[in-house]
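Undergrad: Below are the chains, spelled out letter by letter.
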Amino acid sequence: MSALAINLEGVSVARNGRAIVSDVDLEVGRGEFIAVLGPNGAGKSTLMKALLGLVPIAAGRATVLDRAPVQAGSEVGYLPQRRGFDHATRIRGVDLVRLGLDGNRWGVSLPVTGRARSRRRADRHRTEEVISLVGAGAYAERPLGELSGGEQQRLLIAQALIRRPRLLILDEPLDSLDLPAQVSVAALIRRICVSEQVAVLLVAHDVNPLLGYLDRIVYLGGGRAVSGSVDEVITATTLSRLYGAPVEVLHTTDGRLVVVGQPEAPHHHGHRHEEAAA
Amino acid sequence: MNPSLSLNLVEDVRQLFTFQFMISAFEAATIVAVLAASVGWYMVLRRQSFAGHTLSVMAFPGATGAALVGLPTSLGYYLACGAAALAMGRAPRGRRFGTQTAVIATVQASGLAAGYLFLSLNHAILGGPEALLFGTLLGITQAQVLALLGVAVASLALLAVVARPLLFATVDAEVARARGVPVKALDAAFLLILALAVAATSQITGALLVFALLVAPPATAQMITMRPLLGLGLSVAFSLLVAWLGLGVAYFSIYPVGFYTTTFAFGLYVVTRAIRATTASRRARARV
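Read top to bottom, the protein sequences are chains A and B. The first sequence begins at 0 in numbering that gives the first Met the number 0 and counts up one residue at a time. The second sequence begins at 0 in numbering that gives the first Met the number 0 and counts up one residue at a time.
Treat each hint with caution, since some may be false.
[Said to hold, decoys possible] Heads up, incomplete: computed chain A residues facing chain B, CB under 8 Å, no partners named: (1) Leu51; (2) Gly72; (3) Tyr77; (4) Pro79; (5) Arg89; (6) Ile90; (7) Arg91; (8) Asp94; (9) Leu98; (10) Gly102; (11) Asn103; (12) Arg104; (13) Trp105; (14) Gly106; (15) Pro142; (16) Gln158.
[As the list claims (entries may be wrong)] Ranges of calculated distance between the beta carbons of each label pair, as one might list FRET restraints: (17) B:Thr278 x A:Arg116: 27 to 37 Å; (18) A:Pro55 x B:Leu74: 35 to 45 Å; (19) A:Val259 x B:Ala184: 41 to 51 Å; (20) A:Ser131 x B:Ala82: 43 to 53 Å; (21) B:Phe49 x A:Ala235: 48 to 58 Å; (22) B:Lys183 x A:Arg104: 16 to 26 Å; (23) A:Glu8 x B:Arg226: 45 to 55 Å; (24) A:Asp65 x B:Gly179: 18 to 28 Å.
In short, the hints are calculated from the structure, not lab data. Remember, predicted model here, so these are calculated numbers, not experimental data. Just so you know, even glycine gets a beta-carbon here, dropped at the ideal spot from N, CA and C.
For reference, chain A alone in the conformation it holds in the complex (with noise of 0.2 Å):
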């Protein structure tokens, strides 16, 4: 067992014969916590996908946990990009919990034999204490669709967490939550990523509700990729060396770091259907 959960060099990935990122090297180490960076469309999800298996390498070399990203399985916890559960949807968090650790066996165990027993006893006190463990007991039992976002991800992060993963992949978590709320799952993960001595990678858009938890960054753009701490990586020469522009960061007087002048990604008209369908 190596001391690293992620190991890339050179790594390419492309979707429909073009290129989302080229030449990517990145060493995350065990119970690292790490941010994923980068504007819109830079290939943050992608390069996810292919850490998961997902989606091929294109070229380079990927290990994840010592193996292939396909074969890493069951020692990933994975957290997609999501829009939330709307309102209808009539599921118990804890089941969605549950379906975590279950979700994937075939067939019925019927609670007959003493092993099925003890099994099915095993499972339920793992979904309580992985529910305990993200503080989400007052409301586990209420319907998803009704909870707000941030109860929600705190649901999904158990859900990603209930396998004892070695990796935790977590793409764009606080998306579409409060900035209390961003803040506290931020800290939540830092806790768990402690705790659990489990390695995480959280793609972000925003660093600022992570400044203060984070080991270290990878900043994507242009079709390439930067890593190291924030002060080394969100910098001015940094970002305008990645994008080939230049880029102006500024220091708000409280903290905050906001990026101008970053290109977006290029947009390419067509391809919707084929992302959609992905």
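Let chain A serve as the given structure and place chain B on it in line with the hints.
TA: Below, chain B alone, put in the same frame as chain A:
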């Protein structure tokens, strides 16, 4: 002897089971109720009622097409429902449900058009369109009951095997896919299970009534509970209640079985909905 309702319940029940045709009808209704309510629970949760409805009207091209080429009617049902399920399974799944709905609607329209064509081609009367739409619950043979039982056991066994991954894929497709659940294959498999269930039951209950059992009991159950197992159980219980009650009442009445079954199913849904609305508003007031 004409059945007459007395005040003696024991006597009424004895009367109900005097004739073999009523015993067969109860057996068939029981099988249909369990099958439709179980498959229907997933269908309602997956919001595929429209697909279910389309499958149930496929009985029309199925029966008329089979008559045209000289196949057994029941085989026509299975072929038409299966073909429709495969066609709908090709519809792209995703956030944009619009395309999916359009594909299903197209399948439905083509199916009905084909059925109409088959009907006009062979001029044969298939026991009347009434039986096709509203069933022949009172003329069922033991052989039909056994065939129905076979299909029901097979479909339910299949459903039991995929039960949990199917639930996962239904509520959380993307995470399920990342966990190695074959979401696309399950989508297709569920449509086929649904087609099997619909084809089997609509031969007995008619194309329109299978839909009443497929939707109303699960929808009622899902209003009452969110627990998957309890919900499935309640759905089956409601479905049995509605089917038995409809058959029993129709026996003593001049009106058809289908009318009672559907009305009871609808009544149950409306009453449950009203109760839920009042308790919800009371709870909301209590919170304020």
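Undergrad: Hint by hint, say whether it matches the structure.
TA: Status of the hints after comparison with the structure:
1. Restraint check, leucine 51 of chain A versus chain B: the minimum CB separation of about 5 Å is within 8 Å; hint holds.
2. Given hint, glycine 72 of chain A at the interface with chain B, holds; its Cβ is 6 Å from that chain's nearest Cβ, closer than 8 Å.
3. Taking 8 Å as the C-beta cut-off, the interface hint given for tyrosine 77 of chain A holds, the closest approach to chain B being about 4 Å.
4. With a cut of 8 Å, the hint placing proline 79 of chain A at the interface with chain B holds, because the nearest CB-to-CB distance is about 4 Å.
5. Satisfaction of the interface hint for arginine 89 of chain A is found here, the shortest Cβ-Cβ separation to chain B being roughly 5 Å, below the 8 Å cut-off.
6. Among the interface hints, the one on isoleucine 90 of chain A holds; its C-beta lies about 5 Å from the nearest C-beta in chain B, closer than the 8 Å criterion.
7. Annotation: interface hint on arginine 91 of chain A holds; nearest CB of chain B at approximately 5 Å, less than 8 Å.
8. The restraint placing aspartate 94 of chain A at the interface with chain B holds, with a minimum CB-CB distance near 6 Å, inside the 8 Å limit.
9. Taken as an interface hint, leucine 98 of chain A checks out: its beta carbon lies about 5 Å from the nearest beta carbon of chain B, inside 8 Å.
10. The beta carbon of glycine 102 of chain A comes within 3 Å of a beta carbon in chain B, closer than 8 Å, and the hint placing it at the interface holds.
11. Hint status for asparagine 103 of chain A relative to chain B: holds, with the closest Cβ pair at about 5 Å, below 8 Å.
12. For arginine 104 of chain A, the interface hint holds, the least distance from its beta-carbon to any beta-carbon of chain B being 6 Å, beneath 8 Å.
13. Interface hint status for tryptophan 105 of chain A: upheld, as the beta-carbon distance to the closest one in chain B is roughly 6 Å, under 8 Å.
14. Checking glycine 106 of chain A against chain B: minimum C-beta separation of about 5 Å stays under 8 Å; hint holds.
15. Satisfaction of the interface hint for proline 142 of chain A is found here, the shortest Cβ-Cβ separation to chain B being roughly 6 Å, below the 8 Å cut-off.
16. The interface hint given for glutamine 158 of chain A holds, since its Cβ lies 7 Å from the closest Cβ of chain B, which is under the 8 Å cut-off.
17. Taking the beta carbon of each, threonine 278 of chain B and arginine 116 of chain A are about 35 Å apart, inside 27 to 37 Å as hinted.
18. For proline 55 of chain A and leucine 74 of chain B, the hinted distance range of 35 to 45 Å is satisfied, since their beta carbons lie about 44 Å from each other.
19. For valine 259 of chain A paired with alanine 184 of chain B, a C-beta distance near 48 Å keeps the hint of 41 to 51 Å intact.
20. Serine 131 of chain A and alanine 82 of chain B have their C-beta atoms about 50 Å apart, which keeps the hinted 43 to 53 Å range intact.
21. Checking the proposed 48 to 58 Å range against phenylalanine 49 of chain B and alanine 235 of chain A shows it holds: the Cβ atoms sit about 55 Å from each other.
22. For the pair lysine 183 of chain B and arginine 104 of chain A, the supplied restraint of 16 to 26 Å holds, since their beta-carbon distance comes to about 19 Å.
23. For glutamate 8 of chain A and arginine 226 of chain B, the Cβ-Cβ distance of about 48 Å falls inside the hinted range of 45 to 55 Å, so the restraint holds.
24. The given range of 18 to 28 Å is respected by aspartate 65 of chain A and glycine 179 of chain B, whose C-beta atoms sit roughly 19 Å from each other.
Checked against the numbered hints given earlier, this structure breaks none of them.
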